[in-house]
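**Student:** Residue numbers (this note's numbering), protein chains in the order written: chain A, 54 to 283; chain B, 145 to 636; chain C, 1381 to 1447.
There's no promise every hint is true.
Partial chain C-side listing against chain B, Cβ under 7 Å, derived [unchecked claim]: (1) E1385; (2) L1398; (3) Y1424.
Which chain B residues stay away from chain C? Per the calculated CB distances, all over 12 Å, these [claimed, not checked]: (4) A183; (5) I303; (6) L402; (7) G406; (8) D573; (9) A579.
Hints were generated in silico from the structure; no laboratory data involved. Glycine residues also receive a C-beta, built at the ideal position from the N, C-alpha and C atoms.
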Amino acid sequence: MFHWLEKHPFFFAVGVFLVIAFAGLITVLPNFAQSSRPLIGAAPYSTLELAGRHLYIKNSCNACHSQLIRPFKSETDRYGHYSLSGEYAYDRPFLWGSKRTGPDLMRVGNYRTTDWHENHMKAPADVVPGSIMPAYTWMFTKLADIDTAYAEQVTVANIFSVPYNKPVPMRDGSTKIVKMGSSVEDANAMALAEAKVIAADMKDQDVKDAIAAGKIPEIVALIAYMNSLK
Amino acid sequence: MENRPLEYDYTVAKLFMFMTIVLGVVGMLIGVILAFELAFPGLNTMLGSGVAEYTSFGRLRPLHTDSIIFGFVLSGIFTSWYYIGQRVLKVSMSESKFLMFIGKLHFGLYAVGVVAIVASLLLGYTTSKEYAEFEWPIDIVVVLIWVLFGISIFGLIGIRREKSLYISIWYFIANFLGVAMLYVFNNMEIPTYFASGGHGDILHSVSMYAGTNDAMVQWWYGHNAVAFVLTVPIIAIMYYFLPKESGQAIYSYKLSLLSFWGLMFVYLWAGGHHLIYSTVPDWVQSMGSVFSVVLILPSWGSAINMLLTMKGEWQQVAASPLIKFMILASTFYMFSTLEGPIQAIKSVNAIAHFTDWIVGHVHDGALGWVGFVVIAAIYHMAPRVFKREIYSKSLMSTQFWIQTLGIVLYFTSMWIAGITQGMMWRAHDEFGNLAYSFIDTVTVLHPYYAIRGVGGLLYLVGFLMFAYNIYKTMSARPVEEYELQNASPMGA
Amino acid sequence: MSIAELQAYGYVAAMVVLVFVTYGYAYHLYTKKKDANGKDYEDYSNMALRDDLTDTPVSARSEHKEK
């Protein structure tokens, strides 16, 4: 067998491929059905939250912040309940990260508020002395891309049956409906309504002016996403 | 034309060689900037707050990893392929117009890909998946580049004169197949513009996998990107250039075959060690852990084989800076393939994961092993490709020591930083409360971040010396010998 | 049979096959010492050492074409 393989590059290549592909088949594939099941209490992202998530990705926040709480006392003390697989069912892509230059953000919505984020994103070291996080001042003037967030909602609702406009079960037995716009205009209007609530807690005059003019600055979308992480 | 003897044609190798050096400088420069941004956060706005978006850590970080892995290292691999491939198969690229065309097209498309990647990452187009950040149009270009690489490999094998395939060719084939499979499956994504009927950004896409599944696929990919880009082809390069430069046959060709299959069998199963204590099934984590430890065997099989190739010829290490690069690289390979499995042990991983120790581990592999092998390979190829002697041997020696010092500063500081932070995160006081707030564990790292920055800077300085040396080599004294045997000629 | 069970069997089978193949290969290499053409494996190292276009291949692809 070995003599034969040495002389036939094609079958040799097939052999190499089988050997390396086998591991993936066995480890990765079989768990797909099981671990994609959402946990009760997990809900899809609203348009504004999703736009914020895109900004989180765009600026590679995941390069320094994890979203994965490991089951150790030191981690649950610091960040809250350890992560469960079903909580990530609507995360495309996953944002666990691989490095904690800054703290974990999996449940940051439980203990940080809109105004905290506003001050912190403008000047991190003023809020947390000694912080090495850069300021994200441009997010206060650049506008969030709601259209792309809407496009993603439509895509995942159609292709992966993500339950937008459908009741999803909550932990207390109630149900929650995450709405998705019926058109881009509708989605923008809904996002603006959500943004107004957040901007009401903010101090930055540029942000307030932009919202009053019907525009959504990036920072508002990002804070909406941060607040949704619970 | 008809009377000229047939020669190996290094046109494509030469093009990729320039690309390797340029992207190496770019990638390492960005790395040094990132390192100092962590030590001195003010640098995030070094070009003014108006363009802070493009100079901030987050935006530059994927640019650093990708320009090193898929820029510097991959072009180094392509350079070596277009050099080694012809030689061990004993066939010249000038014998086939088709393969020559494919080679040039390969380079051209690669250059297009590089430009597209740099521009899109700076603008913030990223999928967030590590080492697979590119959006879907670039993924398509990458697949095309890879297909051309495949045509080039199998095309050259098809017209070879040497019947048997040298061990390096085996590794190149594995490199091609492994990356092809991994890249395609990890980048399964749906462009939202088309799926939603024309809304939003045309470049945006959404992953076909969600949450835990996405994580499993990503780290199956991420771990094996290290395997099939930063290990397998680098071994291929080493197995050719070390024997060739030293004039010594591989210590044991049988061992090289055996460790090849060992590496193929074991590597793919170890990806789970990136996900220890996460929400993936427990057995995947344990298996990742166990296989990482098993992985020491084939890795050391190759490394020991490289070191023992110098048996009886150790004076060459003292005499030739080129051999020094290769021997230190093999040593770093042994070192990081021992360190990796240690970090994959669950209880160690509990401390090491998410800390700078992992960053340190990556870099003693990347700087010590991969970087040195690529540098040594180019030093060996340059005299043959340009038919000149290497401009300066003393410059090369100086470079070696500067870079070695840089690596040592890098990994020692990152070890201390990682273990310090890992221990501080988990420390409780006598009442069972957390002993340190998160920021305490960040400010304590400042000196180590500064030392790391200096280490990285030294490596970059060494690399610039390398670039200069190669540049001057192109106009150095021509070599008299028609075909050079073994040791590369070097000027003072 | 559940997915997890199939997975477990697949895993065990894969491990057994891989272990046998690897050890079989090691045994093969060190007992045979020579490949199908009767060439010592160690001779193949010369593919790197003698790799000029004018050098004789360690094992030429087809004899009559190469003469």
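**Student:** Against each hint, give a clear statement of whether it holds in the structure.
**Tutor:** Hint by hint, here is what the structure shows:
1. For E1385 of chain C, the suggested interface contact is broken, since its CB lies about 13 Å from the closest CB of chain B, more than 7 Å.
2. Interface hint at L1398 of chain C: satisfied, since its Cβ lies 5 Å from the closest Cβ of chain B, which is below the 7 Å cut-off.
3. At its closest, the beta carbon of Y1424 of chain C sits 5 Å from a beta carbon of chain B; the interface hint therefore holds under the 7 Å criterion.
4. With a least CB separation of 44 Å from chain C, A183 of chain B remains clear of the 12 Å interface cut-off, as annotated.
5. For I303 of chain B, the requirement that its beta carbon stay farther than 12 Å from each beta carbon of chain C is not met, with the minimum near 9 Å.
6. With a minimum CB-CB distance of about 5 Å to chain C, L402 of chain B fails to clear the 12 Å threshold, and the non-interface call is violated.
7. A beta-carbon of chain C is positioned within 12 Å of the beta-carbon of G406 of chain B; the least distance is around 6 Å.
8. Its beta-carbon lying about 42 Å from the closest one in chain C, D573 of chain B satisfies the requirement of being farther than 12 Å from that chain.
9. Against the 12 Å criterion, A579 of chain B stays outside the reach of chain C, whose nearest CB is about 41 Å from its own CB.
Of the numbered hints stated above, those contradicted by the structure are hints 1, 5, 6, 7, listed in ascending order.
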